[in-house]
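Undergrad: With chain A's structure known, arrange chain B on it following the hints.
For reference, the chains in residue letters:
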Amino acid sequence: GENVEQHPSTLSVQEGDSAVIKCTYSDSASNYFPWYKQELGKGPQLIIDIRSNVGEKKDQRIAVTLNKTAKHFSLHITETQPEDSAVYFCAASINQFYFGTGTSLTVIP
Amino acid sequence: GAVVSQHPSRVICKSGTSVKIECRSLDFQATTMFWYRQFPKQSLMLMATSNEGSKATYEQGVEKDKFLINHASLTLSTLTVTSAHPEDSSFYICSARDGGQGPRLAAEAFFGQGTRLTVV
Chain A
1 GENVEQHPST LSVQEGDSAV IKCTYSDSAS NYFPWYKQEL GKGPQLIIDI RSNVGEKKDQ
61 RIAVTLNKTA KHFSLHITET QPEDSAVYFC AASINQFYFG TGTSLTVIP
Chain B
1 GAVVSQHPSR VICKSGTSVK IECRSLDFQA TTMFWYRQFP KQSLMLMATS NEGSKATYEQ
61 GVEKDKFLIN HASLTLSTLT VTSAHPEDSS FYICSARDGG QGPRLAAEAF FGQGTRLTVV
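Chains A and B, in that order, give the protein sequences. To convert, note that position 14 of the first sequence is 14 in my numbering; the numbers rise steadily by one, no gaps. To convert, note that position 2 of the second sequence is 2 in my numbering; the numbers rise steadily by one, no gaps.
Okay, chain B solo, but in the shape it has when bound:
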């Protein structure tokens, strides 16, 4: 399968600081990238969907000013957690979709390794 690289895998930051997480598709062009948050022993919760060159679409309840998403190229998307607080501690996972044309033609999506964020 295709490779999606997510960095860093683990980060600890102080409360009030910002943290940037990178998601790269290494061997394909990702027109769409998804950002998820996962709590222990729970499923993936979609936070936002980003398309290259346009603003991200956030799910209900996700603060766009707190979770800044940039999808500047077909191989890179970043998630910045601004003014992090302990309750933002979680496992964040990105996913990149390989191609796909139009709303009715689904395409495979590949996941990064995840980032364990701990805010102290």
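Chain A on its own, in the form it takes in the complex:
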């Protein structure tokens, strides 16, 4: 089955700096790669996604890149704000969703 690895597990950045979270996957058949933000005590919220026929996608301060050959994808958050502090999960999907282990992001004011 699919195996998704996510790094780093924790990340602290100064407000205004950029944050990058990286994930790798094992199953080349995976064709959908969403990123979720989870705040304490809440369910994950979809923030951006990318499909296998696209190499990069951007939505305001958030961008995701996908390298199908290397089987890795990354989340980039620019101009970070304290409200970006949360746990972020990547996932790879064919039918089911396989999640990374999560990255706890702290943005220091």
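One or more of the hints may lead you astray.
[Said to hold, decoys possible] Stretches of chain B that chain A covers, calculated by requiring three or more beta carbons in the stretch to come under 8 Å of a beta carbon on chain A: (1) 70 to 84; (2) 109 to 116.
[To be verified] Below, a list of computed lysine-lysine pairs in the BS3-like style, where the Cα atoms sit at most 30 Å apart: (3) A:Lys42 x B:Lys20; (4) A:Lys42 x B:Lys64; (5) B:Lys64 x A:Lys22; (6) A:Lys57 x A:Lys37.
What the hints contain is simulated information worked out from the structure, not anything from laboratory work. Beta carbons are placed, not taken as given, at the ideal position from N, Cα and C, and that holds for glycine.
TA: Same frame as chain A, but now just chain B:
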């Protein structure tokens, strides 16, 4: 994005009783719903996948007689934790997938708010 409503958000029950958690897709038809369990500071662990009108598919190690899943309509799935024990205390999250056709065409999935179950 689409809205998935999960209820209750928090429940405390006595050991030995059963608890039902509801997951509703409010503005789309969810042909597939997923149920996850999440331990503190850990990732989501898939428990089962349910398709409307058919039996749920459980992941290895998940007791289907203990975690009863019903997906009776395209907008509602329920998870019933039967004969709950303290070790069942956890954060349970549902997810509903919007459309999608066939095994190779993925579709977006949206999550409910989660249910914090505490068994005392």
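Undergrad: Each hint: holds or not?
TA: Hint by hint, here is what the structure shows:
1. 70 to 84: As far as the stretch 70 to 84 of chain B goes, the hint is violated, because 0 residues have Cβ atoms under 8 Å from chain A.
2. 109 to 116: holds (count 7)
3. A:Lys42 x B:Lys20: The given pair, whose Cα atoms are some 19 Å apart, holds under the 30 Å limit.
4. A:Lys42 x B:Lys64: holds, 25 Å
5. B:Lys64 x A:Lys22: At roughly 35 Å apart (the allowed maximum being 30 Å), lysine 22 (chain A) and lysine 64 (chain B) break the hint.
6. A:Lys57 x A:Lys37: Distance of about 17 Å is within 30 Å: holds.
The earlier numbered hints that this structure contradicts are 1 and 5.
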